[in-house]
Amino acid sequence: MTVGGSDLPVVNPATVAKAPAGGSHKGAPRGGRVRRLTGNDRIVVFAMVIVPLFLTMVFVVLPAIASVVLSFASWDGIGGVSNIKWIGFENYKNIVTNYPPFWPAIRHNVLWLVVLFFLATPLGMFFAVILDKNIRFSRFYQTPIYLPVVLSLALIGFIWQLQYSRDFGLINAILQTFGLQKPDEAIDWFGDPNIAIWAALAASAWRHAGYIMLLYLAGLKGVDPSLREAASVDGANEVKTFFSIVFPVLRPINIIVVVITVIESLRAFDLVWIINKGRNGLELISALVTSNVTGEASRIGFGSALATIMLAISLIFITIYLATIFKEEEQ
Amino acid sequence: MSRPQSEAEYLARLVPASVSATSSRRTVLKGALGAGAALGGAGLLAACGGSSSGGTDATAGASGSAAATGGEVTFGSNASDEIPKKVVQALADGFKAASGTTVKINTQDHNTFQENINNYLQGKPDDVFTWFAGYRMRFFASKGLAGDVSDVWKNLTGFTDGFKSASTGDDGKQYFVPSSYYPWAVFYRKSVWAEKGYAVPKTLDELKTLAGQMQKDKLDPIAFGDKDGWPAMGTFDVLNMRINGYQFHIDLMAHKVAWDDPKVQKVFSTWAELLPFHQADPLGRTWQEAAQAVQNKKAGMYLLGLFVTQEMTANLDDIDFFTFPEIDSTIGADALDAPIDGFMKAAKPKDDARANALLTWLGGKDAGAVYAKTDPTTLIANSEVDTSGYTALQKKSAELVGSAKNIAQFLDRDTRPDFASTVMIPAIQTFLKNPKDVQGLCKSIEGQAKTIFTS
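Residue numbers (this note's numbering), protein chains in the order written: chain C, 1 to 331; chain U, 1 to 455.
Okay, chain C solo, but in the shape it has when bound:
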């Protein structure tokens, strides 16, 4: 409706070539078209398109294609391409029928998404709304909530090992101190596969909530205060103001939050890797890819097939997201 309606190229007016002297038609180049980009502009545009395109091709698109191609191969990563044996869909068949960690990994990835989306993200948004109230010591509270995002992963793994250790962990020690647990019935937080996934999700949510909190807080600070005033003059209470006024206004931030949540849950990897390399109840596709491709295992083809499956799942979400965005832009 506004800028989009103009067919003028968006260029800095200061660098646009001056209109030819003596009337717009007389000085026009022989081709009959007015050249609006100077040489410098074209170099800049070229660089800004080609360089990122090149980097994307080299570091994203080509490796992705290579993964898909290698997923039909059997290769231990040693020697040249001539040592690659092509085995068709054998890897996929083995993954689905002959690789016990695969289906648990799919389930865990879905669970991860659901928990982050319905628990951790709303929790982070809730923190942000509370902290936006200008309560006392607001900055003091922000720090511990955001801290997990700043901490190095190694430290996070270490911190949770101290909490969750069956024999020496803080949580079991507290439970036993208050008589809620007998020492020989200690909960095996990381060892029992049915509990481990929730223990890991708690650690992940702890980190994710802080991240969302900060993003959302920044958004909330940017909301025009007069909107809230108007709402309260009209008699809306806090809750209603948030859901009817603030939340819709924050739509761009909401989209970012949703995208980040989906991305984070698909690439969830670091925590489970540092806990137990993604085994025993913490299987995730990303961890399976890593343990097959990297390290000494070098099941390059098998790992690539897992990576391709992960790519396909990601594409589903990306497609849904892009379709939604484009649809809304058209409106």
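Just so you know, the hints here were simulated from the structure itself, not pulled from any lab data. What you are looking at is a predicted structure, and each value in this text was computed from that prediction instead of being measured. Careful: at least some of the hints might be erroneous.
[To be verified] Have a look at the derived ranges for each label pair, beta carbon to beta carbon:
1) C/D270 - U/K190: 41 to 47 Å
2) U/K216 - C/E185: 24 to 30 Å
3) U/K96 - C/I174: 54 to 60 Å
4) U/D318 - C/E185: 28 to 34 Å
Glycine included, C-beta positions come from ideal geometry on N, C-alpha and C.
Use these hints to put chain U onto chain C, whose structure you have.
Chain U alone, transformed into the frame defined by chain C:
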């Protein structure tokens, strides 16, 4: 896979290499996805102290040694931890003093080195680098990624035939120079056993009786932790070697025998009978935490490598061990896991003569003496090295390995690393969660083994 040797190393390991360079452990216990060698028949140290073949000058011994003085040789080291790093530096200084050749040390983070070994060897590897005996060593040799060191072996003295066969590739040539090793055994606190009047069990039945008594005495009989996935492989190995013998272990690791063979099922079902005597919930416990249970007198014994004593430094005098008891009298109890660490040569070293000279020196007495002085939890491979400074535990370990008829490397060093890490670790953890379905488990392992070993 890694084997951190102390709490400090364990914690340090959690820090990525980019943050800290201290993330590793001893050269010896390197994680071994690797594989293993059939140390042929004779015991490693059968000739302990023997074989004095006169004073070959180790330094000058290498082929064409006239040219091998002065200059520089590069050395790829995974000794990123502080003490092993000092050992490597001392070795380099020693070689410099002996030959005039400078050793340029290229230290990499321990785990990184292990995980990148394929790329490392296919790129521009250092002339000489640290590695361990077993399947992986032979694999590199057969792929042409490692240098033939048969010439070096002509000048090496003090190694038993067991060590030599552990250093030999599939083609009969040597590709490895051993430096140190450590045995797996059952460790316990002498004071606890003396107080309760426990005796070392000689058979599986005696072990079960003893374990039952320990439970009555409110002890966890067998400490156990398998959060990292590899420690339980030691239990599988020893049960397999007691029930089916050493040759079966080697055949199974090479997948010459199927994993759903009734003999393998018997290993798991025997283990299942013993599981009630193990510490509960092993999958959430690190081996360090399990070792603490023995240290704190809450558990009676612990089957692990000699490195377990690093968790018990305060009571070293109170620690003793025995080899896992006999299960089948026709098989006996004379096989055990004792992984060997050492050095290999690049396929195309920049300076072959100097690389050989360095390897000869590293396999010699002087280098062994450096190790003996600095690391009390490993044993020196070369029998000519003065071991009078050994602790009681080291002496007993050397005797144990010396008296063993067959020595295996360890499950993850004796078989393909992809099989060990992506199939066996999850499989054993599944077994520990559900020991009842042995048949289904073995079938699943065999199904996966088929796809990996035929690829």
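Hints versus structure:
1. C/D270 - U/K190: 41 to 47 Å: Given about 43 Å between the Cβ atoms, the range holds.
2. U/K216 - C/E185: 24 to 30 Å: Violated: the Cβ-Cβ distance is about 20 Å, outside 24 to 30 Å.
3. U/K96 - C/I174: 54 to 60 Å: holds, 56 Å
4. U/D318 - C/E185: 28 to 34 Å: holds, 30 Å
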